[in-house]
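Protein chains: 2
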Amino acid sequence: MKKPLILVTNDDGITAPGIKNLIDVARQIGEVVVVAPDSPQSGMGHAITIHHPLRLKESKIFGPDIPAYECSGTPVDCVKLAKNVLLKDREVDLCVSGINHGSNSSINIIYSGTLSAAMEASLEGIPSIGFSLLDFSYHADFEQAKPYIKQLMEYVLDKGIGDGNLLNVNIPNIPFEEIKGMKVCRQANARWVEEFEEKLDPHGQKYYWLTGKFVNKDEGHDTDVWALDNGYISVVPSMHDLTNYKAIPMLSDIETVPTP
Amino acid sequence: MKKPLILVTNDDGITAPGIKNLIDVARQIGEVVVVAPDSPQSGMGHAITIHHPLRLKESKIFGPDIPAYECSGTPVDCVKLAKNVLLKDREVDLCVSGINHGSNSSINIIYSGTLSAAMEASLEGIPSIGFSLLDFSYHADFEQAKPYIKQLMEYVLDKGIGDGNLLNVNIPNIPFEEIKGMKVCRQANARWVEEFEEKLDPHGQKYYWLTGKFVNKDEGHDTDVWALDNGYISVVPSMHDLTNYKAIPMLSDIETVPTP
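Heads up: the protein sequence lines correspond to chains A and B, in order.
Just so it is clear: in the first sequence, position 255 is 255 by this note's numbering, and no numbers are missing.
Count along the second sequence starting at 1, add 260, and that's the number in this note's numbering.
Be careful, since some hints might not be right.
Lysine-lysine pairs mimicking DSBU-like chemistry, simulated, CA-CA at most 35 angstroms apart [unchecked claim]:
{"#": "1", "chain 1": "A", "residue 1": "K60", "chain 2": "A", "residue 2": "K146"}
{"#": "2", "chain 1": "B", "residue 1": "K317", "chain 2": "A", "residue 2": "K213"}
{"#": "3", "chain 1": "A", "residue 1": "K180", "chain 2": "B", "residue 2": "K263"}
{"#": "4", "chain 1": "A", "residue 1": "K213", "chain 2": "A", "residue 2": "K20"}
{"#": "5", "chain 1": "A", "residue 1": "K246", "chain 2": "B", "residue 2": "K262"}
{"#": "6", "chain 1": "A", "residue 1": "K60", "chain 2": "B", "residue 2": "K348"}
{"#": "7", "chain 1": "A", "residue 1": "K88", "chain 2": "A", "residue 2": "K3"}
{"#": "8", "chain 1": "B", "residue 1": "K348", "chain 2": "B", "residue 2": "K317"}
{"#": "9", "chain 1": "A", "residue 1": "K199", "chain 2": "B", "residue 2": "K320"}
{"#": "10", "chain 1": "B", "residue 1": "K506", "chain 2": "A", "residue 2": "K2"}
If you are wondering where the hints come from, they were derived from the structure by calculation, not from laboratory data.
For reference, chain A alone in the conformation it holds in the complex (with noise of 0.2 angstroms):
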C-alpha cells in the first residue's frame, strides 16, 4: 500500500521541539513534507501574507530523508504555499499541525496559528488536526502524547472527518498512565480577559504590553476545558462556518425594517 503524505506544520517555528516531536510520530505512519514559519508565529491566528512576498527556504534540521521548507510567513501562508506550490501535483492526505507548547483549547482556536494553519488545510479539502501540549516550556516532555497522537492520525487516515472539518486536540500535562482517554467535546464557552502593562520607554512614551488571564465560567462537563481539568485529551471537532444558525429566525425582523 501507498505510505499517505503527511504535511507537517506549525506556529512556533521550524525549530521547536513540539514539530520536532510531531515528525517522529508522522514518519512511523507516513511520508513526511514540512513547511513551517522560520520564526515564532504564536497569536498569529488566520493572518495571511498580502502586503509582501513569501519565501520559502531549504531546510535539513530534520535530517536528510525529511523534505522541509522554512517559510517567512504565517502558519496559514506555510499551508497555502505547501498545497500550492510545492505540492501542487500531489494529493496530501493528512496536515498535523503543532506539538504547540500551550493550551488551544476553547477560545484559544481563534488566535492560535497552529489550528488556524489545520483550518486552512481543511478548507483546502485536506483532513488535518491542530495538536497541543498544556506546557509552555521549551524543555516540555512530549512523549505521553505519542501514543495518542499516533492513533489519532491513524484514525482521521483511516474513517476521515468529513469535509472542511477539523480537530483540535489538546494534551494535559500529566504522566501517561493518569491519561484517562480521549474525550471527544465542545470548545468551551470561555474567553482572555486582559490585563495590558504599561510602561515608559526612554522618551517618556507610553507602551502597552498584551497579558491576561483566561476565564472559563461554562460548567458544562462536556467542553474540552472540562476534560483537560479531569485528565482527559480533548478532541474537538471543528470548522471554518461561523454562521449562528439560532440567530437567523430571531433577527428576521430587520428584514422586515422599512427601507430608508
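Go by the hints and put chain B onto chain A.
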C-alpha cells in the same frame, strides 16, 4: 436619554475613507471613540501582538470632537486596548468595524481584520457589527450604504443581538435605488483558490506573491453570496464557537479506541 458609547475601528487603517464614512454615521447616533490601526492590516485575521509592545497615539484626524487613537497593532489589538485601557471604566454600547474596502462575505470572515475586530468586541460582551462595501477602490462611494448602516446600528442598540454574537454585513456596490433591502443569511460555503505568482529577486532567489480567486460552489439561496449577487445587503449573524456539533456523535468511536 444618555447617548450610547460607540467604539469605531477597522482594518484598512485610520486614514482609510471607509472608517471616515462609518464615523459620519456613528456620530449621528452616539458618542464616538475611534481606535484604529496606524497602517493597513487587511488579512490579519484574529492575530494579536504578543512579542512586541503596543503603542497608542492620539489623533485629530476626525476633528476636535472625536477622540481618536492610532494603534501600532492589529485590529484585534485595537479592540483589546480600547476596552481594557482607554475605556476601561466605561460601558461600550456598540462596536462597529469598517467600512471595509472590499467583500467580507463567506469564508472571508476568517481572514478579515475588520470582522476579527468585531468578533473580539463581541467576545468582550460588546454587541458589534462589521461593515464591508463590495468596492476595493480608495475612491469607493459609501453614500448608498449609509442609511442602511444607520438602521442596523439603531437596531442593534435597541434590540441587541445576544451574547458573543456579531453581525457580518456586506453591501453590494450598486446605486441606492437598486438595493432591494437587507437579507439575514448564512455564510456561503465558498473558498479561495490560490495561485501564487513566482518571481526571482536580483540575487536569483525565488519569492512568491499570494493571489487567488474566490470560488463559490454553494448554490443555496439562503447565503450571503447569493444575497449580494441579487441586490441585497447581506446580514450574517456570526459567533466565535467553531465546534462542529454535528460531528460530535459521529466521532464518538475515538473515545473507545483502546488505550495505546
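Tested hints:
no., hint, in the structure
1, K60(A) with K146(A), "holds (23 angstroms)"
2, K317(B) with K213(A), "holds (26 angstroms)"
3, K180(A) with K263(B), "violated (54 angstroms)"
4, K213(A) with K20(A), "holds (29 angstroms)"
5, K246(A) with K262(B), "holds (32 angstroms)"
6, K60(A) with K348(B), "violated (49 angstroms)"
7, K88(A) with K3(A), "holds (18 angstroms)"
8, K348(B) with K317(B), "holds (17 angstroms)"
9, K199(A) with K320(B), "holds (24 angstroms)"
10, K506(B) with K2(A), "holds (32 angstroms)"
The structure does not agree with the numbered hints 3 and 6 stated previously, though it agrees with the rest.
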